[in-house]
Amino acid sequence: MHELSIAESIVDTVLERTVDRHVSLVRIRVGRLAAVVPDALSFCFDLATSGTPLEGCRLEIQEQDARAHCRDCDTEFVLPDLFLLCACGSADLEILAGRELQVASVEVE
Amino acid sequence: MCSTCGCGSDEVRVTDIDHQHAHDHMHNHTHDHTHTDDRAHTIELEQAVLSRNDHLAEHNRTWLAGRNITAINLMSSPGAGKTTLLERTVALCDRVVSVIEGDQETLFDAQRIRAAGARAVQVNTGAGCHLDARMVQRALDELQPEPESLVFIENVGNLVCPALFDLGELTRVVVISVPEGDDKPLKYPHMFAAADLVVVNKTDLLPYVDFDVDRLTRDARRLNPAVQVLPISARTGENLDSWLTWLVDKP
Chain A
1 MHELSIAESI VDTVLERTVD RHVSLVRIRV GRLAAVVPDA LSFCFDLATS GTPLEGCRLE
61 IQEQDARAHC RDCDTEFVLP DLFLLCACGS ADLEILAGRE LQVASVEVE
Chain B
1 MCSTCGCGSD EVRVTDIDHQ HAHDHMHNHT HDHTHTDDRA HTIELEQAVL SRNDHLAEHN
61 RTWLAGRNIT AINLMSSPGA GKTTLLERTV ALCDRVVSVI EGDQETLFDA QRIRAAGARA
121 VQVNTGAGCH LDARMVQRAL DELQPEPESL VFIENVGNLV CPALFDLGEL TRVVVISVPE
181 GDDKPLKYPH MFAAADLVVV NKTDLLPYVD FDVDRLTRDA RRLNPAVQVL PISARTGENL
241 DSWLTWLVDK P
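Taken in sequence, the protein lines are chains A and B. Here this note's numbering is used: position 71 in the first sequence is 71, and no number is missing along the way. Here this note's numbering is used: position 199 in the second sequence is 199, and no number is missing along the way.
Just so you know, the hints here were simulated from the structure itself, not pulled from any lab data. Keep in mind it's a predicted model, so treat the numbers as computed, not measured. Glycine included, each C-beta is placed from N, C-alpha and C at the ideal position. A hint or two may mislead.
Claimed, not checked - Here are a few chain B residues that sit away from chain A, every Cβ distance over 12 Å (derived from the structure):
hint : residue
1    : Arg114
2    : Gly117
3    : Ala194
4    : Leu197
5    : Arg235
6    : Thr236
7    : Leu240
8    : Asp241
9    : Val248
What the hints assert, rightly or not - Stretch-level coverage of chain A by chain B, calculated; a stretch enters the list once three of its residues show a Cβ under 8 Å from a Cβ in chain B:
hint : segment
10   : 6-12
11   : 100-109
Looking at chain B on its own, in the form it has when it is part of the complex:
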């Protein structure tokens, strides 16, 4: 186990808060063939390190596409307002919404989503700092989202590690909140390079902090020229209609 942040996946718990009991069943989709060569001292492998994760992510993507479910991987630092945005989305969106919540501990966020009126499954990663495709596969198995619905995967709050792991989502959204500062794209370039949409949340606080939306947009596009930037306030509802339009336009 990592002594810095202790991340590792063996302590993962998936909880459906509608019938609260932790499941420990595993669905391994690995291929158990082996390749050995008795003579060679060097064995060429040429295999992507994350090939297992990517393989499971493709399984998830195919499973979701077969049901016309739109999955959105929502990433940010802790406290940027992901869950508040989802609460508002549940209340306002025309499509059926369900949520996979990722946190190291507690059922707090899944309970908030449930209270807002949508189904939710909580993934507790233990010491883990990101969700991976296997956790999402287990969560989808538990959640069984409706065909044609929207599934949000709220990743563990972290602007670094989640960027690397394909979950099988259709699209990736990064939420950055105004109090965090407008320098985040340059400080955490991998996250912003991986995003399809950057939501700038807590715009109601713009008068009180030095945050330049234009600078953030410019820097994000230095990394990711096609990225869209959408300023909103999940708390006051400002510009949420644009967010809902963006969601509805998803296939």
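Just chain A, same shape as in the assembly:
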């Protein structure tokens, strides 16, 4: 359940940048290979914001597909999971996207 540590990091990151402004929404971007479960993160976000200036703020999670480039057949494709295998049979892949764990933006009032 590392999602609580991640939720706490999101709170710290946002508060560092917004100081005492009222934040109504936090948008984060989570790649499908980032080892973060969105439901668990939403649950932990409520706990992590409790008692902070972000209490009551909504969390919007934008999930990002993982993409890979096959060095053997030079194609780019969506990677459904962590198993590194191209349709051509090669495992020589470069992961282009899918590990993101970013605070994208916040809505302030």
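Assemble the complex: chain A is given as a structure, and chain B must be docked to it using the hints.
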């Protein structure tokens, strides 16, 4: 605090068992600048969630590299034999070894390492399920490892959460023990995808359990084509020479 496993970092204690008193001092390396925009309703942040951890991990890595210290993050489920492997390593390795021990509670593992002849600092994470870069920074501060030495960071026993947190290590080792079953790479892919070496421990039990080292190797390499797999028995000493060779070959 998380109601499932309660993880959180505010209860962390770092104990040097050579002078046992818990330190509570903090070394914050945060940058306190703030960025606000009075007009905008949307503020673009585009900041990595774990940027603070990654920043501290880079501090640790630089500090270690400046002293030619090789740091190894050792991860496994509880009971895979990490501490036993370290006890044997302390006894057999030519390089000076010290250990940062991570557990939720007790000083047991640091005491075992001390009894084996090496210095150790225990990090108790309270309810926390993994070590992070700040805990390791505090532990290194306490441990003050010798230049040119090997530092093992024995993570909290857990095949999930530690995979996500860079500690500033040079390399990552996952220990899997034979009684756990050979299906673990497919069940816990993030951990095996993050490993540089997979140590298969307790090979002395292979005759008694259904564990196929080839299957484990094949599955680990589906996730991580370059990963090395090293079967050993820390208890009997089988193949520990290969482990020591692997350690010596580290910069």
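Comparing the hints with the structure gives:
| no. | hint | in the structure |
| --- | --- | --- |
| 1 | Arg114 | holds (29 Å) |
| 2 | Gly117 | holds (34 Å) |
| 3 | Ala194 | violated (9 Å) |
| 4 | Leu197 | holds (18 Å) |
| 5 | Arg235 | holds (31 Å) |
| 6 | Thr236 | holds (34 Å) |
| 7 | Leu240 | holds (30 Å) |
| 8 | Asp241 | holds (30 Å) |
| 9 | Val248 | holds (30 Å) |
| 10 | 6-12 | holds (count 5) |
| 11 | 100-109 | holds (count 9) |
Checked against the numbered hints given earlier, the structure breaks only hint 3 and satisfies all the rest.
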